[in-house]
Each structure stands twice: as C-alpha cells, then as structure tokens.
Amino acid sequence: MRTLIIIPAYNEATRIGEVVRCVREANPDYDILVINDGSRDETSLAAQSAGAMVVSHPFNLGYGVAIQTGYKYALAKKYDFVVQMDGDGQHDPACIRDLLAPVLAGETDFCLGSRFLGHESYDPSPARKIGMAFFRWLVSTLIKTRITDSTSGFQAFNRRVIRYFTTEVFPCDYPDADMLITLHRAGFRIREVPVRMHASVTGKSMHAGWKPLYYMFKMLLSIFVTLLRKREG
Amino acid sequence: MPLQQQIFALVVSALVFVIVIDMVRKRRLREEYSVLWLLTSVLMFVLVFRYEWLVSLTDLIGAGLVTTTLFLFSIIFLMLLSVQFCIKISQLTDQVKNLSQENALMKREIESLIENLPVEKSAEA
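As given, the protein sequences belong to chains B and Z, one line each in that order.
So for the first sequence, our numbering puts the first residue at 1; every next one is plus one.
So for the second sequence, our numbering puts the first residue at 234; every next one is plus one.
Accuracy of the hints is not assured; some may be wrong.
Said to hold, decoys possible - The calculated DMTMM-like cross-link candidates involving lysine to aspartate or glutamate, where the alpha carbons are at most 25 Å apart (straight line), are: (1) 72/B x 335/Z; (2) 218/B x 327/Z; (3) 259/Z x 42/B; (4) 330/Z x 176/B; (5) 78/B x 41/B; (6) 340/Z x 176/B; (7) 72/B x 348/Z; (8) 340/Z x 31/B; (9) 78/B x 342/Z; (10) 321/Z x 265/Z.
What the hints contain is simulated information worked out from the structure, not anything from laboratory work.
Start from the sequences and build out the full structure, keeping to the hints where you can.
As structure tokens, this is what we get:
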C-alpha cells in the first residue's frame with residue numbers, strides 16, 4: 001500500500017522547506033510531492049532540498065489545478081492513497097495519521113479534516129464565520145452527512161477517488177463544497193475527522209478582497225448546476 | 234430604399250464577404266468562425282433587393298422603424314458572436330490546463346530519468 005502526500009505551493013519558498021521536513025518527520029513512510037504552481041521564488045529548490053519530489057507548472061494555474069496535477073501524478077505512479085495538505089504550514093502534519101486511518105481501514109472513501117470538530121484551532125473572522133455556517137448547512141443538507149468544514153483543504157482518499165478526480169468532473173476553481181456534493185452523488189462515502197489547524201502565518205488568504213463575493217457566487221452556481229447534472233461516476 | 238443607401242449597403246456587404254473569404258484563404262481565419270460573418274454579409278446583400286422583407290420583419294417584431302430592426306439584429310448578432318467566443322475560451326482554458334499539467338508531469342519524469350543516468354555511467358566506467 002503506497003501513500004502520497006500532495007502539497008500545492010505558490011511562492012512559499014520561506015516556509016515550504018519547513019513544512020516538508022515536519023511532514024517527513026511525522027510520516028517517514030510516505031512519499032511527498034510538492035506541486036510548484038508557477039512560483040517566482042525558490043519554492044521548487046526549497047522543497048527539493050527538504051526531500052520532496054517536485055512537479056512544477058510552467059505558469060500559475062491556481063490551487064485547484066495544482067492539486068489535480070498531484071492526483072494525475074498519483075494515478076500515473078499507481079499510489080493507493082493520497083493525503084492533501086496546504087503548503088503554508090496551517091495544517092498540522094501530526095494529524096495525517098488520524099486523517100488517513102478511516103480510509104486505510106476501508107471505512108470511507110474520502111476523509112475531510114475539520115478544524116471545528118474537537119481539537120482547538122484558530123478562530124476565523126465573523127464575516128467568514130457566517131459564510132462558512134451557510135455552506136456548512138447547505139452541504140450537510142444536500143449530502144445528508146454532517147459536514148462542519150467544507151472549505152478544508154486537508155483531505156485523504158483512496159484510489160477510486162483519485163481516479164475520479166483526474167477526470168473533467170473535478171471543479172478546478174475553488175474545489176470544496178461543490179466537490180463534496182459531486183463526490184456524494186457519484187456514490188462515494190465521505191467522513192470528517194477532527195484535525196488541528198493554525199491561522200496562516202502571513203495572513204495571505206485566497207479569501208481576500210472581492211474574492212469572497214465571487215466565491216459565494218461561483219459556489220452557489222456550481223452547486224446548483226451540480227444538482228441539475230445527471231449523476232456521474 | 235434610396236439608391237445611395239442601396240449602393241452603400243451593397244459595397245459594405247461585398248467588402249465583408251470578400252475580406253472574410255480572403256482571410257480564410259490565407260488561413261488567418263478558421264472556417265468555423267467565418268460562417269456567422271458570411272451569413273451576415275449575404276443577408277445584407279439579399280435585403281437590399283428584397284427591402285419589403287425587412288419591412289415585414291419590422292412589422293412582425295412590432296418595431297416602429299426599419300432602422301430599429303437593423304440595429305436590433307446587429308446587436309443580437311454581436312451577442313451571439315461573444316457567446317461563441319466565450320464557449321471557445323472555456324474550451325481553450327481547459328485544454329491549456331490539461332497541457333500544462335501534462336507538461337509539468339513529463340518534465341518531472343524526464344528529470345527523474347536524468348537523475349538516474351549518472352549512476353549507470355559510473356557503473357560502466
């Protein structure tokens with residue numbers, strides 16, 4: 001059974017080395033793949049010297065495309081399981097084991113790490129809390145499973161999901177709530193486990209400026225058309 | 234329809250037709266994009282000689298003036314064109330994404346092959 005840890009990174013040269021080292025210390029048996037999403041700094045070099053394999057995009061393509069490149073690599077190299085985490089150090093490598101355990105045991109196909117179950121984690125801003133609460137309610141209702149952290153990028157899943165995610169069904173811009181619903185409708189089992197997350201150190205977030213508005217719009221539209229589509233899978 | 238208008242409309246439609254055909258000939262415009270343009274120029278050509286069609290179309294859609302019909306349809310034409318472009322851009326975005334991913338993965342594959350090369354060489358030596 002081979003497991004690949006996928007870490008997308010964009011201009012993370014200052015932190016990616018440390019993240020890779022921490023992940024390796026906590027999980028020495030797993031391969032680590034950093035997807036350098038067209039960074040203009042030394043992200044690729046830093047990740048490589050910390051002991052990760054690196055795939056570099058020729059230019060910046062966005063978070064969703066970067067993780068999908070990772071899935072394509074995992075599929076081509078015949079990995080059985082994938083763990084995916086962010087490159088800015090907000091996900092705690094010590095939680096990888098908890099995240100992977102239900103997938104390894106075959107109890108679920110897809111495991112989502114939630115910062116709101118159990119472990120004490122950082123506190124999001126009030127506006128963000130409202131948005132999160134809304135999507136949490138919507139997703140939980142639609143997939144009939146309690147989901148507390150639909151925007152979490154800390155995930156583990158098996159080969160069937162890897163194969164599914166490398167097809168055109170994968171939503172490459174902001175893959176979160178709509179992806180969960182697509183997965184559910186394709187018949188995959190989804191589960192959430194508690195993980196520890198820290199607030200991103202630089203505070204740079206994909207949810208800044210006008211982006212939350214676009215995010216809300218895109219996610220609602222995407223969920224709506226996902227429901228209109230025939231079940232695929 | 235006054236003679237001046239007729240001549241002007243004929244010249245414009247003929248020009249559009251010839252230019253579009255020439256662009257296709259020089260392969261600067263793909264056939265699939267020329268269709269809408271060619272249809273429009275042919276339609277303009279026909280309307281010059283069948284002005285009564287334009288008048289009945291104006292009555293049909295309830296517009297007051299013939300010019301309104303012309304403007305309305307030219308705007309619809311432009312909108313159709315942008316929708317066609319948007320569809321194409323979405324397709325191209327997807328293709329560029331897939332190509333870049335493949336390119337990145339292949340580069341990684343080549344690098345790992347090269348990394349393994351010197352070991353073989355030193356073994357030969």
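Checklist entry - CA of residue 72/B to CA of residue 335/Z, is that 25 Å or under? => result holds, 9 Å
Next on the checklist: Please verify whether residue 72/B and residue 348/Z have alpha carbons no more than 25 Å apart.
Outcome noted: With a Cα-Cα distance of about 22 Å, the restraint between residue 72/B and residue 348/Z holds, given a limit of 25 Å.
Next on the checklist: Checking one constraint from the list: CA of residue 340/Z to CA of residue 176/B, max 25 Å. Satisfied?
Outcome noted: Between residue 340/Z and residue 176/B the Cα gap is close to 29 Å, so the pair fails against 25 Å, i.e. violated.
Item to check | Pair hint outcome, residue 78/B versus residue 342/Z [Cα-Cα no greater than 25 Å] | outcome: holds, 14 Å
Next on the checklist: What's the verdict on residue 340/Z and residue 31/B, does the C-alpha distance respect the 25 Å limit or exceed it?
Outcome noted: Holds, at roughly 18 Å.
Checklist entry - Holds or violated: are the alpha carbons of residue 218/B and residue 327/Z at most 25 Å from each other? => result Cα-Cα ~17 Å, so holds.
Checklist entry - Are the Cα positions of residue 321/Z and residue 265/Z separated by 25 Å at most? => result holds, 11 Å
Item to check | Given hint residue 41/B paired with residue 78/B - CA-CA distance at most 25 Å | outcome: violated, 31 Å
Checklist entry - Keeping to a limit of 25 Å between CA atoms, is the pair of residue 259/Z and residue 42/B held or broken? => result violated, 45 Å
Checklist entry - For the pair supplied as a hint, residue 330/Z and residue 176/B, is the alpha-carbon distance within the 25 Å limit? => result Measuring from Cα to Cα gives roughly 19 Å; hence the hint holds.
Going down the numbered hints, you'll see the structure goes against 3, 5 and 6, while the others check out.
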